[in-house]
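Asker: The primary structure of each chain is shown beneath.
Number of protein chains: 4
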Amino acid sequence: MYFKHVYEDGLAQASYVVGCQATGSAIVIDPRRDIQVYLEIADSEGFSIDYITETHIHADFLSGTRELAAATGAKVLLSGEGGADWQYDFDHESLTDGDSFTVGNLRFDVIHTPGHTPEHICFVLTDLPSSEEPVMLFTGDFLFVGDVGRPDLLEEAAGVKGAREVGAHQMYESVHKLDYLPDFVQVWPGHGAGSACGKALGAVPSTTLGYERRVNWAYRTTDETEFVAELLDGQPEPPTYFGTMKIWNREGPKVLQSLPRPNRLDPSSLKRMVDRGAQVVDARDKFAYAGGHLPGSYNIPDSSDFSTWAGWLLDFERDVVLIAPDHRVDDLVARLVRIGCDRVVGYLPDIERLSDTGIELEIVRQRTVADVHDDIASGAVSVLDVRSASEYGDGHIEDALNIHAGRLPDHLAEIPRDREVVVHCETGFRSSIASSVLLAHGVRNVSNMTGGYAAWQDAGYETVAEGEPVG
Amino acid sequence: MYFKHVYEDGLAQASYVVGCQATGSAIVIDPRRDIQVYLEIADSEGFSIDYITETHIHADFLSGTRELAAATGAKVLLSGEGGADWQYDFDHESLTDGDSFTVGNLRFDVIHTPGHTPEHICFVLTDLPSSEEPVMLFTGDFLFVGDVGRPDLLEEAAGVKGAREVGAHQMYESVHKLDYLPDFVQVWPGHGAGSACGKALGAVPSTTLGYERRVNWAYRTTDETEFVAELLDGQPEPPTYFGTMKIWNREGPKVLQSLPRPNRLDPSSLKRMVDRGAQVVDARDKFAYAGGHLPGSYNIPDSSDFSTWAGWLLDFERDVVLIAPDHRVDDLVARLVRIGCDRVVGYLPDIERLSDTGIELEIVRQRTVADVHDDIASGAVSVLDVRSASEYGDGHIEDALNIHAGRLPDHLAEIPRDREVVVHCETGFRSSIASSVLLAHGVRNVSNMTGGYAAWQDAGYETVAEGEPVG
Amino acid sequence: MYFKHVYEDGLAQASYVVGCQATGSAIVIDPRRDIQVYLEIADSEGFSIDYITETHIHADFLSGTRELAAATGAKVLLSGEGGADWQYDFDHESLTDGDSFTVGNLRFDVIHTPGHTPEHICFVLTDLPSSEEPVMLFTGDFLFVGDVGRPDLLEEAAGVKGAREVGAHQMYESVHKLDYLPDFVQVWPGHGAGSACGKALGAVPSTTLGYERRVNWAYRTTDETEFVAELLDGQPEPPTYFGTMKIWNREGPKVLQSLPRPNRLDPSSLKRMVDRGAQVVDARDKFAYAGGHLPGSYNIPDSSDFSTWAGWLLDFERDVVLIAPDHRVDDLVARLVRIGCDRVVGYLPDIERLSDTGIELEIVRQRTVADVHDDIASGAVSVLDVRSASEYGDGHIEDALNIHAGRLPDHLAEIPRDREVVVHCETGFRSSIASSVLLAHGVRNVSNMTGGYAAWQDAGYETVAEGEPVG
Amino acid sequence: MYFKHVYEDGLAQASYVVGCQATGSAIVIDPRRDIQVYLEIADSEGFSIDYITETHIHADFLSGTRELAAATGAKVLLSGEGGADWQYDFDHESLTDGDSFTVGNLRFDVIHTPGHTPEHICFVLTDLPSSEEPVMLFTGDFLFVGDVGRPDLLEEAAGVKGAREVGAHQMYESVHKLDYLPDFVQVWPGHGAGSACGKALGAVPSTTLGYERRVNWAYRTTDETEFVAELLDGQPEPPTYFGTMKIWNREGPKVLQSLPRPNRLDPSSLKRMVDRGAQVVDARDKFAYAGGHLPGSYNIPDSSDFSTWAGWLLDFERDVVLIAPDHRVDDLVARLVRIGCDRVVGYLPDIERLSDTGIELEIVRQRTVADVHDDIASGAVSVLDVRSASEYGDGHIEDALNIHAGRLPDHLAEIPRDREVVVHCETGFRSSIASSVLLAHGVRNVSNMTGGYAAWQDAGYETVAEGEPVG
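Residue numbers (my numbering), protein chains in the order written: chain A, 294 to 764; chain B, 294 to 764; chain C, 294 to 764; chain D, 294 to 764.
Hint data in this document are derived by calculation from the structure and do not stem from the laboratory. Mixed in with the good hints there might be a few duds.
[Unchecked claim] Computed, partial: chain B to chain C, Cβ under 7 Å: (1) Ala583; (2) Gly584; (3) Pro588; (4) His620.
[Stated by the list, open to error] Dumping the calculated SDA-like pairs for lysine to any residue here, alpha-carbon to alpha-carbon at most 20 Å: (5) Lys564/D x Ala363/C; (6) Lys564/B x Gln329/A; (7) Lys492/B x Ser423/D; (8) Lys564/C x Glu333/D; (9) Lys454/B x Glu530/B.
The beta-carbon is built from N, C-alpha and C at its ideal position, and this holds for glycine as well.
Turn these sequences into a full structure, and let the hints guide you.
Answerer: Here it is, written out as structure tokens:
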């Protein structure tokens, strides 16, 4: 048996290639949209990808199932569970609870595990003929290392009223549906730490059923009501693009032939594109953005969170222009394509010559925590905390307004205009993004509190823990 | 004044960026089709490309004038000389003999210099206001370092009967049309050594009028008849794609948005593509091809001659699959695009796993010169010399059949089938290409004479100098 | 807890980075010698590498413990078990059975598990304070996925007489020493499929104790005598460099400041280096090598087995010159450095111009299985099977001489000189290496049986299963 | 004849490879220290580098003559002119005025042309047997496109009193020493635009003698006194490292085996290195540096001027640490090695995690021209103009102090400490470097005038043209 864990750190997303060496046949579970990685594994290991499956309709990335099927001719096996609203709307064979299928000698048993989503399924893998014992469980967004999937996405992101509680109760049942499996089964989930599909995912790629039964809160909480309350509490804000992904993944995402290859622009071409409506994503780091940037551009730094912030902030129906060095463009384009943001039409390697076109560059004013502390006292500034509601809940600067950085475009009205607004997050990454959003939407009286809440605490200034986020 | 010689070694083709630093305006002369190089120069030097021109309708590469105009909005200035048949068939402003135009402070004077083609023009550049003296002459395919352009392409490649002599006489006149210019003017031609647009181009990028007047045979031959005879003698075989280029460049080549990005294939996908009609170009070197290759593939080694051999052998209307390592694919695709071969649909990095698909690999049998010498004597083999007619004329193995490697597909009927055919060129590069063509067309009794004619001579075997090529 | 499985496919070798996020402290287990990978993980994840440990004195690669300690100042923790002969001979702190140490909040318990080597230890990891349950076991070369470590290396590679049986009995005890641990503990071994440190390692990176107890032959064989017999049977031939590694790793390998950066050579420089005694490694694939190569060069194709074949064939005390394209040189150098082969002094990107220096290139003659079958019958050829003894034992061509490809330099006397020797392996990879070794040692009457034993079987020719290998 | 102009844009330095195709022999003129480029040309074109020569003892880069001789075994031909003080102090053959040597069929005639330096020679190339006419002249730092070499470097950089005038008169004679050569000879100089070895070099790679005779001021100024005055007027400030280069190039620079390969550091290793005395070069652009940087680091942006600014500011005897992304490190190291700055011991790809080590990052305060204009009026700020003396002379802000950015370390005492110092250059590149120098030397009351003198002029504020630079 061949097994490969393919991890995409931008979305903390795991897909799997499992192959039977005796027959040369392989399956891919939960493929991402830039499928080259699977083709290369298959080629170098000598497999033919004959099957593709998914654990569920994903909300955080665009599935590569259709690209991969087009490239390989593989059979597509997808969940038929969850009722009429959750049926995939493109060519496939249905899998339902209790089904089995084989990939060469390997047997996959299907278990329906709703909770995260109604149609969610898991796969128990048995490495026949070596042994009749189950070796691995592919749990998708149902069971993670140290956590279970969140049941509230449908309501939060797709607007299905009341779905939260229904999902939470289903999750309780699904957790115990696995009780028949032995402790030693390996658990390989669909996400790692950092994914917005759960709240406390561990930074370890895999676990075992036995370990989770002893350590995972979901197994240790035996009272269903308590379980439901705990599960629904403190889930992170789902990025705005999640709703779109759900729909596209169910209907069948557009099939890409190959990754787009944007042209290098000169400053005047960039200006023309902006004039025609392109969004500018400045992927330089917060220091460079603060030191000078194109007015109107969003700062989404080239980091593992690039896809997620792009998902929060970009309009996938409009053209996108990147500011990023040549050697990073291909990877950033791939990160955008993974969430269905396909319209990258050009890039500028740096901003050195932007001012030649008559554009006046903008900076992000920096304030030290000491400055801010003094000015709060004098009423000269308002503080805007762009962290998540749960971070805010754990402690914040008194009277700070809390709006999640990704939600700012919908909450501009709440930003005070009559005095300077000092933006901060935990350490400065998100406040740079947030400052760029405010500046781009014409909020000029903005400054960034260097070092963020961490620096504020290090300086020993007072904090409070009550209060409610605005957005 | 800013000046940049942009040289593409595959086609030995020169284009030029000339800019006026005082105004930031620049012109590109004879742009190639992958225009990124010009955009990057303009960006890094701070120029705006406001003008594009061509010296003539090119036969050896697809012009990038339309791509560049689309990307920059530059004004397109093209020859209006040569009569109705030689008018560009897309948007432009016409230039005729005696015209002048300026790029910032720089003045370009237009001289009509027919001979290579009827519409051919040159540009005299004066770097105003520094001096009223002419500084450079852009001569396109009219005047080269040590040679002048060939006047026979229209007849050879485009089938215009009688054009050879007409062109040769025009060339004589054009050569002397420059007599009014001073010796010290720099001459920057459209091609360097290795181009098929002339026969004796020097491996030096530029020259001066004064030096050419003293050294170039075209200036030293003062009798017109002698000039015409000399000019028409011994020109290299023009690749078969030249005729197509002429037509496309006049009509206006298809504008590419960006270079194609072929997908990496696995062996079975490659097989599917071949079954659907794709041509396979094996870009590995002659050693690797000889050691094992896919039956039916052409060996066009990754070298500076790649474009030219692709032009000889490929059908631009059919899909192309490359066998080349990942890091070379982009460049090879660019080399194909430069001649209008846009349909590269995939690539295979190596042939390691090809035999897994059931394909039986083929080798190229090698024969030493000693073997061949013996077997010629015994009548066991025929010798096929795939060098050019002029090389053959200078000396060859007795009774060797001479067919230029690029013309083999049209001369398969002349290849003997009743005995082994030993292929050779000068050193082995072209005979590998030729062997691949023969094998791909079902001529099985082929072997390669290792080391080629050079090795034959080194061994001291007899040669002859008379005889006529077949193809 | 942070966990990273760092896998080096050339030696199928796993090392691990485990970090405590609460304290920022991390440990590296079994580091390889090119340590950049650990520094980058630590940097990007925000850890400080404070500890380094090893499971045992490695035989198959040179440890990077000293490089990593020099670069980070980390504390070095090494086994103090195994008696006086097996004590590390450089600065470290000793670990013995029953010891515990902590990395931030994480606890590592040391278990002495001799068998593969006398000093071998394992680590049980507990992720405190999350849980008191053990989460992972780092088993080094003691327990693999589906197998246990081989106990015969000391005798085979280091010449310690009688060590095989002693080790096998110790292994039996060590296997059961883990009985106290629960089924659900994850097992992360020191090697994956393809390593010469065991015979049947699975192509899955990890397993669980429970699964191994049910499936691994070592747990299912409860009779000690039977266990010992099974364990010692059919182990692969250990490469010749294993003995050296043992000694160097115990004494403390030379610390590299950075990877060597060999110069690109031209053909005449290469010739000079060869004249001064350099070994030439031709890393092109078998097709290219067969099609033409430098006489005297070894063909060690650029593949995941590169390090192992270099370990079999190269003299680490002599200079090495590579034939490999520019973009592959850095990785190949790293692969050599991993086994202590540090003297790569230059490389040639291809062999195109080698013959310009007067060198006459050599080819590898190819024979089809049909040819060989006929010529065996007529007595014209001898067959040399360069596969492993166990493959030979499973079936071979009648009367074929069996010498493992890596052992050929020590068995040249056994090669017949009075007739053609046809070399084969399973599919052609190893027979290309073997042919290169024979040619380099002056055995000229060599040809390669294309397609190998697999093709012989496909053709339906007879095979036999008895007989003994020669070397 | 083969000819290749090898241009290094960082030092605007030209070297040349000239080869005789008939014999395969080539010469390199004025090689730079990273010699790989010459070896690759020789290899790909099939030449053997048999000769190396220099036009003079260079001041602006470290010669690669010794590296290249070591790698190729080429004969080294160097000037024997200029008297005892200017004799090369390592193995070579001497060339004096009137000497000739051949490279294959090519003849090089030596002309002694002192002025820039006493030992300076030029080479007249004749392409025998094609023609007896001279084809090219290699003029080194004697004759440039549009200018002649500066004669004041010895005095400015090497402290030879009175050398300026002597050199200027010699230059006048040398200019006319070429009168015997025809107009049509091509002139290929040692530098292009941007070099500090002259003051008005054109951005065109080559010229002709005839054109220079008509356009170059040095030919048009026929009065010797006027010539000398003009030549000595307005030469740019020579970087501080020029003196060292002269000495090292005469004595024979240290021969490098290969380019250093610095290790990637983590923040804490960088801190350790700084504590041990390493200089930190932050090669990010001015925006990133302004937005946040390591206190004490110099900002030398990754640009074509990188070598020159490194030459101004770095101590070649101390370790250097770079802040630059991975893919730029090799090139930046090469740029440093070209001027003999060999001790790059590590690099940090970005500063994201620097603050984790407890280091507090610093920003560069930005002031708009409007702010500065107001504050000058109120006496709140001093203006520091870090442009060259000649730029300052052409116009500056009233009362601005002028110290060339590269000379700041020697003029710190002149910087006012009692009020804010606003730094500016023309557009902001040099003022970022200058601000970094001031901050690194403890001058804290520094801000940068965004947009520089260009923005000041665009805003229509008053300027003056009299006044003297301080440093």
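Asker: Give a verdict on every hint.
Answerer: Evaluation of the provided hints:
1. Ala583: holds (4 Å)
2. Gly584: holds (3 Å)
3. Pro588: Hint violated; Pro588/B Cβ to chain C Cβ min 14 Å, cut 7 Å.
4. His620: At 5 Å from the nearest chain C Cβ, His620/B passes the 7 Å test, so the hint holds.
5. Lys564/D x Ala363/C: holds (16 Å)
6. Lys564/B x Gln329/A: holds (18 Å)
7. Lys492/B x Ser423/D: holds (16 Å)
8. Lys564/C x Glu333/D: holds (16 Å)
9. Lys454/B x Glu530/B: Between Lys454/B and Glu530/B the Cα gap is close to 17 Å, so the pair holds against 20 Å.
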